[in-house]
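Engineer: Full structure from sequences and hints, please.
Chains as they are written, first to last, in numbering that gives the first Met the number 0: chain A, 0 to 264; chain B, 0 to 322.
Honestly, the hints are just simulated from the structure, not real lab data.
There could be a bad hint or two in this list.
What the hints assert, rightly or not - For the chain A half of the interface with chain B, some residues (derived, Cβ under 10 Å), not all of them:
| hint | residue |
| --- | --- |
| 1 | Arg59 |
| 2 | Asn62 |
| 3 | Glu93 |
| 4 | Ala101 |
| 5 | Ala125 |
| 6 | Arg173 |
| 7 | Ala176 |
Where a beta carbon is used, it is the ideal one built from N, C-alpha and C, also for glycine.
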Amino acid sequence: MSAAARTPPIPGAGPMVLAEGLRKSFGRLEVLSGIDLQVARGEVVCIIGPSGSGKSTLLRCINHLEKINAGRLWVDGELVGYRQQGDKLYELREREICAKRAEIGMVFQQFNLFPHMTALENVTEAPIRVKGMPKTQAADLATQLLDRAGLKDKASAYPKQLSGGQQQRVAIARALAMQPKLMLFDEPTSALDPELVGEVLGVMRDLATSGMTMIVVTHEMGFAREVGDALVFMDGGVVVEAGRPRDVLSNPQHERTRSFLSKVL
Amino acid sequence: MTPRTTETAGQTVPPEEIKAVPVRHPGRWVAAALVLVLVAMFVNTLLTNPRYDWDVIGSYFFSRRILEGLAITILLTVVAMAIGIVLGVILAVMRLSANPLLSGSSWVYIWFFRGTPVLVQLLFWFNLAFLYPQISLGVPFGPSFLHADANSLITPFAAAILGLGLNEGAYMSEIVRAGILSVEHGQAEAAQALGMSRGLTMRRIVLPQAMRVIIPPTGNETISMLKTSSLASVITVTELLYAAQLIYSVNFKTIPLLITASIWYLIVTSVLTAGQYYIERHYARGAARELPPTPWQRIRRTLFTFHPPPPAIPSQQPPGGGR
Chain A
0 MSAAARTPPI
10 PGAGPMVLAE
20 GLRKSFGRLE
30 VLSGIDLQVA
40 RGEVVCIIGP
50 SGSGKSTLLR
60 CINHLEKINA
70 GRLWVDGELV
80 GYRQQGDKLY
90 ELREREICAK
100 RAEIGMVFQQ
110 FNLFPHMTAL
120 ENVTEAPIRV
130 KGMPKTQAAD
140 LATQLLDRAG
150 LKDKASAYPK
160 QLSGGQQQRV
170 AIARALAMQP
180 KLMLFDEPTS
190 ALDPELVGEV
200 LGVMRDLATS
210 GMTMIVVTHE
220 MGFAREVGDA
230 LVFMDGGVVV
240 EAGRPRDVLS
250 NPQHERTRSF
260 LSKVL
Chain B
0 MTPRTTETAG
10 QTVPPEEIKA
20 VPVRHPGRWV
30 AAALVLVLVA
40 MFVNTLLTNP
50 RYDWDVIGSY
60 FFSRRILEGL
70 AITILLTVVA
80 MAIGIVLGVI
90 LAVMRLSANP
100 LLSGSSWVYI
110 WFFRGTPVLV
120 QLLFWFNLAF
130 LYPQISLGVP
140 FGPSFLHADA
150 NSLITPFAAA
160 ILGLGLNEGA
170 YMSEIVRAGI
180 LSVEHGQAEA
190 AQALGMSRGL
200 TMRRIVLPQA
210 MRVIIPPTGN
220 ETISMLKTSS
230 LASVITVTEL
240 LYAAQLIYSV
250 NFKTIPLLIT
260 ASIWYLIVTS
270 VLTAGQYYIE
280 RHYARGAARE
290 LPPTPWQRIR
300 RTLFTFHPPP
310 PAIPSQQPPG
320 GGR
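Structural biologist: Right, here's the structure in full:
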């Protein structure tokens, strides 16, 4: 393993996410077959590719929701899921994994808001229960975040009473309430009516402008071109092509990228 | 496209309301008449048959022994259900655990307690002293500190609590498990992505949502437990049925006393049903866009809301006033 020979990145400096030869399989099915990826601090990286190419699995690995089988993965200079002492790897305890997940925000395709809580409660739940933030302070923070997402008057609404776009904006506010250093978006607009896509992308654009490090799995090529600093095309569990969005979209180097883009653009 | 309203010289005229002859249902009238006759016959025999002994029922209805029996029945139901629910949640979480020893032992427990009649279990606990005359507390395979005589420790009431509660745990665990499985996996995932531990996720996110599925069958179980607790009469617990039996074994007013007990069972069941309605409503938050009104709210709304009568003739309305 060449990764072991290299010096691991330093926390607080260097890339926010670094993957080397990352592999993940479910039973016999290998979903990620050696991913190399680097995401710098403050960078917005968009990942595109056909379904089944491993985009979502990659995000889930970064957030410790899936265990990787081989390779190395660092977030903010720290190994994901393991602690290295000398040559040995030690699995992290649940508490340590939870602490790491708390620093990474994730937004899902199906929103996954908690239906038995109001929008405000959805946002305050984790800061209160995980961080131990006082309730009034959490409520202030949540009100501020909902306001930023344009949902000031929806704080007391239950998710069922909100449109898809509003729900997804609450979900973004919920993730931001943990003050994450990295935000992962798993096809955040794929379940939305076309009319509602814009409002969610608007919130994400503001977030990118504020300097947040973001990894966005998306089919919105316009967003990738305008907001993304880098574009990654994945297929069959590997990164086929990566580069500046403009270059990849208008001048793809690989035949597979060309045929994919010709179908979606 | 056809507009919903017709424009006439800038004025909006709402479409005329449909007036049609409704379908007649002669079958319903025949059935209703039949039911009415049967009800009248039943009420008649209740009132005229002197063997019902309504005065006996009346005199025993609030008697001390019946009320004490009722108290024991309610206590048995509450304690056995409390044990059943706590045990059910533990067994359900164990059953869904990744640890094969935990899920396996939960499976064996459910298999055993669902597979034997609850009456047999009651008799078994009642006769525990035969198997273990002495019960002691101490280090396994080592010295023991506390000793007790099984006959004095396992009273009939304790045996009833054990029998009913442990049996109920097996049924409740399947209800809780169904509830947990009914919650979408994405919910637990979203909670974990926020850094919530598995325990916290279960307590704050999964179980509150599972409650919607868990409450109705649990209400059913509670009502069922209220009546099953009468089995404790065979191990000499003076609950409602046994209290009635003790009285009629002396005065031979069997039927009136059974009716007395039955009316009390019906009353408590009605109270439990009403309680279940309000608990269900509490956990329906967020599941529907708007909560259904409570019966009391519904009554108030129909009594105190003014319904304007529909206009008899489609009159002309000012522009922009109609739809």
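Engineer: For every hint, state whether the structure bears it out.
Structural biologist: Tested hints:
Because the closest C-beta pair between Arg59 (chain A) and chain B is about 9 Å apart, less than 10 Å, the hint holds. For Asn62 (chain A), the shortest C-beta to C-beta distance to chain B is roughly 6 Å, which falls under 10 Å, so the interface hint holds. For Glu93 (chain A), the interface hint holds, since its Cβ comes within 10 Å of a Cβ in chain B; the closest pair sits about 6 Å apart. A distance limit of 10 Å between C-beta atoms decides the matter here; for Ala101 (chain A) the minimum to chain B is near 3 Å, and the interface restraint holds.
Among the interface hints, the one on Ala125 (chain A) holds; its C-beta lies about 4 Å from the nearest C-beta in chain B, closer than the 10 Å criterion. Because the beta carbon of Arg173 (chain A) sits about 7 Å from the nearest beta carbon in chain B, less than 10 Å, this interface hint is met. Look at Ala176 (chain A): its Cβ gets to within about 9 Å of chain B, closer than 10 Å, so that hint holds up.
The structure agrees with every numbered hint stated previously.
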